[in-house]
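Q: Protein sequences, first through last, are from chains A and B. Per our numbering, the very first residue in the first sequence carries number 1; after that it's consecutive. Per our numbering, the very first residue in the second sequence carries number 1; after that it's consecutive.
Calculated from the structure, these hints are not laboratory results. A portion of the hints provided could be inaccurate.
Said to hold, decoys possible - Label pairs and their in silico Cβ distance ranges:
| id | chain 1 | residue 1 | chain 2 | residue 2 | range |
| --- | --- | --- | --- | --- | --- |
| 1 | B | ASP251 | A | GLU137 | 52 to 60 Å |
| 2 | B | THR54 | A | GLU94 | 47 to 55 Å |
| 3 | A | GLU94 | B | ALA319 | 37 to 45 Å |
| 4 | A | PHE37 | B | PHE105 | 51 to 59 Å |
No experiment lies behind these values; they were computed from the predicted model shown. Glycine included, each C-beta is placed from N, C-alpha and C at the ideal position.
So the chains spell out like this:
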Amino acid sequence: MKTFQGRVISPGTLQAKALVSKQGLNTLASFQKALQFGDKEATCGDQNNPDLYGKKMKGKALCLPQTIGSTTGGLVLYCACAMGRQPACLLFSEPIDSLAAAGSILADVWLDNVSMPVIDSLGDDFLNYVKDDMDIEIQDKGTVVVK
Amino acid sequence: MKGSCCEDIGEIMILTKEQEAVLKGQEGEVKAKVMETVIRYGEIFGADSLVEITSDQHHFVTSFGLKALTPIYELFDTLIEAGAVPDKKFTADPRPLDDAVPSSFLQDFVFKKFMYSKQEEYEAQLKKLGLLNEDAFTCTCYMDEVGNIPKEGDILSWSESSAVVYANSVLGARCNRNSGVMDLMGAIVGYVPNFGLLTDEGRKASWEIQVKTSKKPEAQLLGSAIGMKVMEDVPYITGLDAWLGNELNDDVKAYLKDFGAATASNGAVGLFHVENLTPEAKRLGRYLLRDEVKTYVIDDAELERVYRNYPVVWKNKEATPKLCFIGCPHLSLAQLKDWSRKVDERLKAKGKKKLVIPTVFTAAPQVAKAFRQSPEAKMLEERGGIVSSICPLMYMNNPLCGKVPVITPSNKLRTYTTARYDTDELILEQITGGKI
C-alpha cells in the first residue's frame, strides 16, 4: 500500500479499481466510439494506446499522465460525464492539461448528480507504482491511497 | 460522493467589482455559472486575474453537429434560453459535410443519419449564439477575405489550435490553447483568465531551434519536427529567416500557417517566434529566450529522419491512393492559385488531361468564392480538381474512412486520421499520375 498526495481539481471521495495508461489519453479517440454507438461501458477506441485499447473505462480509476489530442477533448469528456459513461475518477501524475481541465470543470459546474473527482500532480512515482485492477481510494484534500 | 472545494471560488484570483457581481448572480444564475467555469479554469493554471477580450470577433472550434456530443447542444440550449450569449459575433471551424466531396453511399448514410445528424440543429444554435454569417465556417478566419483578423496585442478566447498558434505567432495577439466550449464561456463573460501565453513571461522561449538546412524546409515537415521535440513549449527559431526573408508577405504568412498547424498538432505549440520575422521576435529579438534554453538543430538529415519515421496506418501499405485532401488548415487564395498552376503544368508535361486521384482543395468559403473569379479556377476545374470548404479532419474522423487510402500534404490531417503524409512535391506527382 502506498499513499500519494495531489491537488484537487474536482472534489469527491471514492473507491475504485485502477486502469492505467502510461501515455497521454487521447480523449476524442478514446471516447468517440463509446459516445457515438451507445457503448455504456465506454470501451476505449484509441488504437494508438496499447494500455487502454479495448478496455472498459467506465467506473474505473483512470490513472494517466495527461490528456492529448484535439481541442475537442474537453467537451468529449463533458459528454462522457453527461451520458454516465465517465471513469470513476481521473488521477493525473502530471499537472493537468487545459483540455482535461476544461472537461473536468465543465462537468463539475454544469452537471447535477454527476461526480468524477479529479486529482492532478500525483507525481511520476504514482504512475510507476499503480497497476491495472489495484484498489484506489480517494480521501479528502487530494490524498490517494493505492492498495 | 460529490464534495465541495469551491466556496472559495474567486479568492485566489483578484476580481473586479463587475466580475464579482456576475459571479454572485447579478446577471442571472446561468451567467454566474459561466463566470464560475472561467474562474475555476483559470485558477487551475494560477491565473491572478481575468483580462478583457479585446478582439472585434471571436472564433470557436466546435462547428459540427456530432450526435455523440448531444449533451453539449443541451448545454448550449441552456445558455441561449438564459440569454447568456457573446456580445460579439464569431466565426467557427469548417463544416464536416459537403456533397461536392467524393463519398460512398455507405459513407453518406453514416455521415448524415448517424454521425452528423445534429448538424442542422446545431447550426441553428450557432446563429442564436451570434454566428457572423452563413459563410463563417473556416479554420483560417484570419484570411483577408474572411476578415476576422486580431490586431497585435489583442486578447482572444479561441481554441482552434492552428488558429491560436497563428494568432499568437504571426499576428502577435494573445491567446491560450483552450479547449472547445471554454472559448465560448470566455466570450460570454467577455474575459479570459490571465495566465500562460497571455503573459510576457509565458511568451518567452525555452527552446532555441537552429535551422541549418540546404534548402527551404517543407513547412509542414519542419513544424512537425519542432512540435514533436518541444511539445507545449515556446520555440525561438533561428536560420529560417534565411529562407523566408524578413517580411510577412502573403507567401510567408501561408508558410507560417501550415508550419504552425504542424507544430500545434504534432506537438502542442501555441506560440513560436521566428528570428527577424515574426512581430515579437522583430521587436524583442533574443530577449525572448529564457535564461536556460534547450537547443535543437534541424538539418536535412533530421528532417529526413522525421519524415521516414511517420507510421503508415493503412491496412494495405502499398494501396493506390483513392482520395487526396490539400488544405488542412484551409488554403490561402495564393496557395489555391499556385496549386492550380502546378497541377496544370505537371499534367501538361505528362501529356495527361485529368488528375488521376480525386483531389479536394479546401479553403474558406470567401477564399473559394474569390478563387472562382480567377482564371486558375477554370484551369483547376478542367483538370478535375474539387474546391470545397469542408473540414477534411471531420470528414475523415470515422471508422469508414480508415479503410480508404487517403494522401495529404497536411501533417495535422496525418496526425489525427489514417491519411498518409507526403511532401507537396510528392503529392503533386501522385495526383498527376506519377509513381513514387
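Q: Now tell me if each hint is right for this structure.
A: Taking the hints in turn, this is what the structure says about them:
1. B:ASP251 to A:GLU137: 52 to 60 Å: Roughly 59 Å apart at Cβ, these two residues keep to the hinted range, so it holds.
2. B:THR54 to A:GLU94: 47 to 55 Å: 32 Å, violated
3. A:GLU94 to B:ALA319: 37 to 45 Å: At roughly 39 Å between Cβ atoms, ALA319 of chain B and GLU94 of chain A fall inside 37 to 45 Å, so the hint holds.
4. A:PHE37 to B:PHE105: 51 to 59 Å: 20 Å, violated
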